[in-house]
Amino acid sequence: MYSKILKVAVLLAILLFPLGCKKEESTILKGTIIDFYTNEPLQGAAIFIMKWHKTDEQYQLFKILSSDANGNFEFVEEDNLDFYIGEIHKQGYIVKHSNISNYTGKIKRGEINESIIPLVPFDSWLSLTVNKVSPGKSKIYLSVFSHILNSEIRASQGRVSLMKDELELNEGQTYTQFPLVASNEMLTIHWDFKPLTPWSPFSTPFRDSIFVTRGDTSAVTITY
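For reference, each letter of the sequence shown is one residue, going 7 to 230 in our numbering.
No false leads were mixed into what you were given.
Below, in silico cross-link-like pairs of lysine-lysine (DSSO-like), each with a Cα-Cα straight-line distance of 30 Å or less: (1) K96 x K69; (2) K145 x K200; (3) K143 x K200; (4) K69 x K36; (5) K96 x K36; (6) K57 x K36; (7) K57 x K96; (8) K57 x K69.
To be clear, the hints were calculated from the coordinates, so they are not data collected in a lab.
What you are looking at is a predicted structure, and each value in this text was computed from that prediction instead of being measured.
Can you make the complete structure from the sequences, with help from the hints?
Okay, structure coming up:
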C-alpha cells in the first residue's frame, strides 16, 4: 500500500513539475520600415539587432534582419538579456538615429516593442557652381552643411555630415559640383577666403541656403 502511494506521489510530482517552473519570457521586437515622406513600406532594409554581452559588458551585433514586402520585421528571443536596434541600412535612404531611439530604445526581457520607423530618402542633388569674375584672391573655401546628416546620422550609413572643398580659380574660371544630398532639406552653404576650421562654417562672412526638393537637382551659384 505504501509503495503504491509513493509511486502515485512520484508520478504527480513529475506531472506537476512543469507547472511549477516559470517559463522564460520572450522579448519581441517588431516593426515596419517606411518612407519618411510617402509612408510607403520599404522592403529590403537591413535592421541590425544589438545584444548585451555579459563578458565584455557592452552591446554587440547579434543578428541582422531584413524587412519584407510590407516593410515588416520581427525578432523574438527568449534570452534574458537586453536588446536594441543599432542601425538600419537601406539603399537610397539615410536613417535618423532619433527615429530609432524614439521608437524603440533599449528592449528589456519580456517586453514587446512594436514600432514604425521612417527612413529619409537620399535621392536629391545639389548643383553648386562657383564663378570667379574678378581679380584678387584666387582661393575660396566652401562648406555645405546638412542638419540631417550632422545631427542624426552619427554612426549610420549616411555619407558625411559636413562637405568641405578648397578651390583655387583664375579669373573667368567656373567650378561645378553635384553632391548627392538628403531630400526635402534646407542646406546651408558657407564660404570664406581663409581655411575653415570645424566650427568656422557657422561664423563665415559669406553664406547662403537652399531647399533641395526630392528627386530633383537644386542649384546655387557663388560669384566672387
